[in-house]
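Peer 1: Just so you know, the protein sequences line up as chains A and B, in that order. full-length UniProt numbering puts the first residue of the first sequence at 19, with every later residue one more than the last. full-length UniProt numbering puts the first residue of the second sequence at 19, with every later residue one more than the last.
Careful, some of the hints might be misleading.
Identical copies go unnamed one by one, so any copy, or any two together, can satisfy a pair.
Below, simulated SDA-like cross-link-like pairs (lysine to any residue); rule was C-alpha separation at most 20 Å, straight line [stated by the list, open to error]: (1) Lys-222 / Ser-67; (2) Lys-54 / Ser-41; (3) Lys-357 / Met-313; (4) Lys-170 / Lys-251; (5) Lys-359 / Ala-307; (6) Lys-54 / Lys-161; (7) Lys-357 / Gly-255; (8) Lys-206 / Pro-324; (9) Lys-322 / Asp-254; (10) Lys-173 / Leu-188; (11) Lys-261 / Phe-231; (12) Lys-327 / Pro-230; (13) Lys-161 / Phe-354; (14) Lys-294 / Leu-188; (15) Lys-261 / Gly-61.
Hints are computed from structural coordinates only; laboratory data are not their basis.
Number of protein chains: 2
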Amino acid sequence: GIAPAVHAQAAVRWRLASSFPKSLDTIYGGAEVFAKAVRAMSGGKFEISVHAGGELMPPFGVVDGVQNGSVEMCHTVPYYFYGKNPAFALGSAIPFGLNSRQMNAWMMHGNGRKLMNEFYAKYNMLSFAGGNTGCQMGGWYRKEIKSPADFKGMKMRLGGGLIGDVMTKLGAVPQSIPGGEIYQSLEKGTLDAAEWVGPYDDQKLGFNKVAPFYYYPGWWEGGPEVDFFINQKAFDGLSAENKAIVEAAAAVASSDMLAKYDALNPTALKQLVASKTKVLPFSQAVLDASFKASMEVFAENDAKSPEWKKIYADLRTFQRDQVLWFRFAESAFDSFMSKQKL
Amino acid sequence: GIAPAVHAQAAVRWRLASSFPKSLDTIYGGAEVFAKAVRAMSGGKFEISVHAGGELMPPFGVVDGVQNGSVEMCHTVPYYFYGKNPAFALGSAIPFGLNSRQMNAWMMHGNGRKLMNEFYAKYNMLSFAGGNTGCQMGGWYRKEIKSPADFKGMKMRLGGGLIGDVMTKLGAVPQSIPGGEIYQSLEKGTLDAAEWVGPYDDQKLGFNKVAPFYYYPGWWEGGPEVDFFINQKAFDGLSAENKAIVEAAAAVASSDMLAKYDALNPTALKQLVASKTKVLPFSQAVLDASFKASMEVFAENDAKSPEWKKIYADLRTFQRDQVLWFRFAESAFDSFMSKQKL
């Protein structure tokens, strides 16, 4: 039988620190979708308060916060923590890595989640997927990028550490600038380019007015996973029911975010094009040079971090098979559809 | 406060009728993943027993079973019920329809789920996504399909009613044959072709030995959604907590199935190729003729079913934007990756 008194007192209250501002409603909103699902499933007996980036701790301080237990969990992009160990990037996105579906496959039915959680254990935490943006756009540029040489000396705002290393190899000068200051820097020309997310998020910041060249694809984020990191001791303290509830709520939030981005991006893209954005593909030469630079950085990481080396090898083996398979049914279908009048 | 005695007695027991045999472990397994998540989240207070196709009722009788309340829910492919009303297909897959990500976007953040549930209400039921296979393969053929004329008179085993109508327009003769008899019929030549799912499921049936030409893409199933249908009265009888648990467990099962197919298909495809399967793309002429035939069938359905007409119009509008958006970042990324040595 169930001991009712224990149950009645068993209200669990957690705090979740997000790395995102509320203005990024799609990605920030993932944590709210998660918390709402937990609340509904537990009948209000498990409450998680969601705190925007900066509210409890700096946006990039959330892993420290989870590690030392000052919050039970956070919602963030693992590659933000590349500086702690390059292996963090593998839990989210590496240049020319997995697309969103392939990432889910590796995480759920390959070795991805297992290997990442072994690594995250060093930080007293475990992970659940907490969203994906789909393949991002390649950023906003004041001038056209016609060849890899155009990256040389280019001051570019970039999100993560790994793409910073690759862009440095290409000759660019990565800049770390808060979201709110990018527009002015592009306008003044103290910044030549900036990458953000995709049409829906980018449109709000109005970059097209000051840097009209909008390139694709965002080859450094083919399917970036956003994560929930949970303090291991806090998770261990949950009942079996609440553990299952957390896991399922993460699945809800994760699939919801990608669907929301996919639903919102097309309209934003059309509006951007209508307001004089020049949407252009990176040239083959630019992609080839970027691929080469990325592989050089990966080799350097192999030498620097045994955790990167082990997990990267597994991801790459899995990716070879995924790319092979996606060449057939999936690509042929999408490619035919892209040419139809619907 | 919580009334503990009520809680202790509040065990809910449901039966789920699957349309699938246990041998299709990936698609049948989706219902087991769902039931397991419900059990874990409810601490065993909500138990759903999963019954393979034929165990409680015929595989295609499951919608009747849910409608009349003889089971609380089922796990099936909506297009199986095309004969009841063509609109069922829109909840799963139509030829040249949405891919799996686009389907999720339409269902979760477009009008998809809302419109489909309005329609399903006529059958006393509501739906949750319960899986996706990703784009399927285009089937096994005893002879090469070089032009649309090769479909003429071809006896082909097909899964659903809508593709049957389209294939009939192309001159083929759709056959309804149980899974277990396909191999022998292909061997004897009483069947010229058969479509099933994709490499992982197909490989088990050994079709490559008797029909070695394996075509792609399965243009009639670009991203077929598998569904949980739930009797409305049974759902209404659940507590708010259990309703939320059912919804989240469906999200778990849904994303798990696609990831599992993606993880398993590549190895199966490689083994099929190694055992003399000839993997070939449908020609442009074949795809063009199939697209034209599909549009004709859709127009006929517009005239036949007001429910089809309303929902199809919404899906198509949504699809136009999706196809536009996927042409940019997503396709460019996948296309570049497909040519790299990894």
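Peer 1: Evaluate each hint against the coordinates.
Peer 2: The hints, checked one at a time:
1. Lys-222 / Ser-67: Result: close neither inside a copy nor across copies, 26 Å intra and 48 Å inter.
2. Lys-54 / Ser-41: within (19 Å within a copy, 37 Å between copies)
3. Lys-357 / Met-313: between (33 Å within a copy, 15 Å between copies)
4. Lys-170 / Lys-251: So Lys-170 and Lys-251 fail the 20 Å test inside a copy (47 Å) and across (65 Å) alike.
5. Lys-359 / Ala-307: between (35 Å within a copy, 14 Å between copies)
6. Lys-54 / Lys-161: Classified as neither: same-chain Cα gap 44 Å, cross-chain 54 Å, threshold 20 Å.
7. Lys-357 / Gly-255: neither (54 Å within a copy, 48 Å between copies)
8. Lys-206 / Pro-324: Intra 43 Å, inter 57 Å, cutoff 20 Å: neither.
9. Lys-322 / Asp-254: This pair counts as neither: shortest intra-copy Cα distance 32 Å, inter-copy 57 Å.
10. Lys-173 / Leu-188: within (12 Å within a copy, 57 Å between copies)
11. Lys-261 / Phe-231: Intra 46 Å, inter 47 Å, cutoff 20 Å: neither.
12. Lys-327 / Pro-230: neither (39 Å within a copy, 41 Å between copies)
13. Lys-161 / Phe-354: Answer is neither: 33 Å inside a copy and 23 Å across each miss the 20 Å cutoff.
14. Lys-294 / Leu-188: neither (28 Å within a copy, 44 Å between copies)
15. Lys-261 / Gly-61: both (15 Å within a copy, 11 Å between copies)
Violation of the numbered hints given earlier is confined to hints 1, 4, 6, 7, 8, 9, 11, 12, 13, 14; the remaining hints are satisfied by the structure.
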